[in-house]
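Whenever a hint applies, use it, and build me the whole structure from the sequences.
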Amino acid sequence: MYELKNVSKSYEQTRRRVTALDDVSLSIPDGQMVAIQGPTGGGKSTLLQMLGALERPTKGTVVLGNAELSALPDTKLASIRAREVGFVFQSFNLIPTLTAQENVETALAPLGVPGVERRARAAAALESVGLGDRASHRPDELSGGQQQRVAIARALVKEPDVLLADEPTGSLDEETRDEIMDLLEGIWRDRGLTLIVVTHDSAVAKRAERRLHIKQGKVTEKK
Amino acid sequence: MFGTYLVRELTNRRKQTAIIATGMALAIALVIIVNAVAAGVSAAQTSVLASVYGVGTDITVTQTPTAPTQGSNGTRAGGGPGFDFGAADGRTADGSTTLSQTHLGVVRGTETFDASSLDTIVGVENVAAATGTLALDNITFNGTIPTQRQSGGTTDTTPPPGGLDGAGGSSFNVDTFTVLGLDVAGAAVGPLTAVTLTDGRTFTAADAGSDVVVVDSAYATSASLAVGGTLSISGTDFEIIGLVASGSGAATASNTYIPLDVAQSLAGLDGKLSSIYVQAASSNNISQVQADIKNALPDATVDTQADLASSVSGSLSTASGLLSSLGTWLSVLVLAAAFLIAILFTISGVTRRTREFGTLKAIGWSNRRIVGQVAGESLVQGTIGGILGVAGGLIGILLINLFAPTLTASATVQRVAGFGGGPRAGGGGAPGETAAAATTTDITLHAPVTGTIILVAVALAILGGILAGAIGGWRASRLRPAEALRSVA
Ligand SMILES: Nc1ncnc2c1ncn2[C@@H]1O[C@H](COP(=O)(O)OP(=O)(O)OP(=O)(O)O)[C@@H](O)[C@H]1O
Ligand SMILES: [Mg+2]
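Going down the list, the sequences are from chains P and Y.
Okay, so the first sequence: first residue is 1 according to this note's numbering, each after it adds one.
Okay, so the second sequence: first residue is 224 according to this note's numbering, each after it adds one.
Simulated from the structure, these hints should not be mistaken for laboratory data.
Note that the structure is predicted; figures quoted are calculated from it, not measured.
There's no promise every hint is true.
Some but not every residue of chain Y turned toward chain P, in silico, with C-beta under 7 Å [to be verified]: (1) E579; (2) A585; (3) I586; (4) W588.
Where is the CB? At the ideal position from N, CA and C, for every residue including glycine.
See below:
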């Protein structure tokens, strides 16, 4: 359950002050699938950073469950990200030197999961995204779609309450895009987590229960 | 996870690892080699000094020479010995006069001081041993000069072309050897510790007051002397009891050695010494002992081995000079460069991995975990460099010891032995023997390796790794997790 009240985020750029989020109030119930659309520079990623406890708002409050993210210190935010939030990025963001298996394990490292259990859970997560046979491959030995599956496994392995995806299909072709969206939607259905997907793609957005539009930092509901 | 990630980074980013480790290895190898060579040179210097000044001598005390007063011929105070020949001296035959006279006096340029100084020095704190010596020159003048013709009628007052002192045809021969009076009671320090007995015996305490002499073997050969024979010193016959060989550069080496008390009475210098050799209780006390002696004897020149080392010249001193200037600076410079390379490459590595670290932060890695990862990588790179550097350094030292370069050391001996060949020796005659002031020793450089320097070197490499890791880690800690979301260009 997300509760955003009068959230503003502005950045000091070299000469001007950019308001990336402008007085956003919003609530997202647990288990909802939300698509966020809008023009480039509209503030989609900024909103996702607020939801994912990556940044604090300049003004207003962000509450996830019973934690007020806007008031917590960095270390607390890091542990919330480690336990409750799964992230999927447009450019996969896998660690290039680690194998698929090891990349998935990085999500469990901050949770202090012991080695044996960590390896077993990572292997299971890779299996669940259909990459059980690619565990020992490095990212540069995998296709874009496969890399994104590894990234999804990394986001899921911690069994988060929320899955945040910033243009997860932005770097993929149409066919792979549908595969990845099917995968994400399947996970959302099976696990009952909150799924928030930022996308430029209306085909992707149409799958969501709820669509938000964000332009110049202002959020509107889209029917 | 830490270990896996570390190994993956180091093996997959080999270039970065190789550059940092190689830089560190070069620096560490250089530090080890420079240090070992410095130790070798210093050992060589010590051995040269030991041969020059005697084993165990930490400090020498001499009297600061006062400026000689410009005296007329024959003044003994300053300008060296003079010979006064009265009209009745010498034998005259065939129109020429043959003169012979022996002078036993203090070596030129040396001042004597009272033997009570020795007691003063022995009383100084931390003096382990001290012994006094009296360095003398025995100069025998043999000459033939034509008898001055008082030819009447001619009133030619200008000196003849042969010189002021006489006409051509005169023949002088000056025979000089050095005589060192020393404590026969077997001192722990002093001149005799720098020589080795080759024949006969050295002194015993019972020799005090006896007319016995120990002769330098080289001098014995040139003067045809042997154990059991006699040698005339200042007109007194001495029994030769032993022959000794000295290091070629020994400042304390003398042609002959006699008991101190005999030397003092023969030269008319009772209770006088020319040098005192002092051994400090430990090398840590040397500067304190030096200062205390200076205080107690304000007029004395008090030299330590370090002061004496400046009198050693030749390639040995060039090597030591090079090491203390170039070698040290070079290793400091290369070490600084290696540290800088490690730091810059670590920083650039962190910058290149901005998105990677941002991503790890976004998925919940704490700052501490990321700093630890970066620092761990640098530490391992530094340690690899250190190990390679130690190996390289040891190989370098092995090569040095294999080729064992020879260094020459010239000890410029303070004393001006012998007769200076001043204007009085001129005339038409051949000047006597002039003694060489410097002699040369060849020393093979051996560079020793100590466990300490290897530990220090590895510690330096680790320090470099920690430094680079700390700076790189600090950079990584300042990255925002939101960097993960920055789209790649
Ligand atoms: N770290 C930052 N420093 C300064 N300005 C920023 C920063 N991050 C975002 N902005 C600015 O905030 C505004 C919103 O950016 P944001 O990344 O949220 O847009 P977006 O909707 O995700 O765009 P896109 O579709 O291109 O990803 C932009 O004008 C951007 O320039
Ligand atoms: Mg964006």
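Here is what the structure says about each hint:
Interface restraint check for Y:E579: the shortest CB-CB distance to chain P comes to about 6 Å, inside 7 Å, so the restraint holds. At a threshold of 7 Å, the smallest CB-CB gap from Y:A585 to chain P is about 5 Å, leaving the interface hint in force. For the restraint placing Y:I586 at the interface with chain P, the shortest Cβ-Cβ distance is roughly 5 Å, inside the 7 Å limit, so the hint holds. Of the supplied interface hints, the one on Y:W588 holds, with its beta-carbon coming within about 5 Å of a beta-carbon of chain P, less than 7 Å.
The structure agrees with every numbered hint stated previously.
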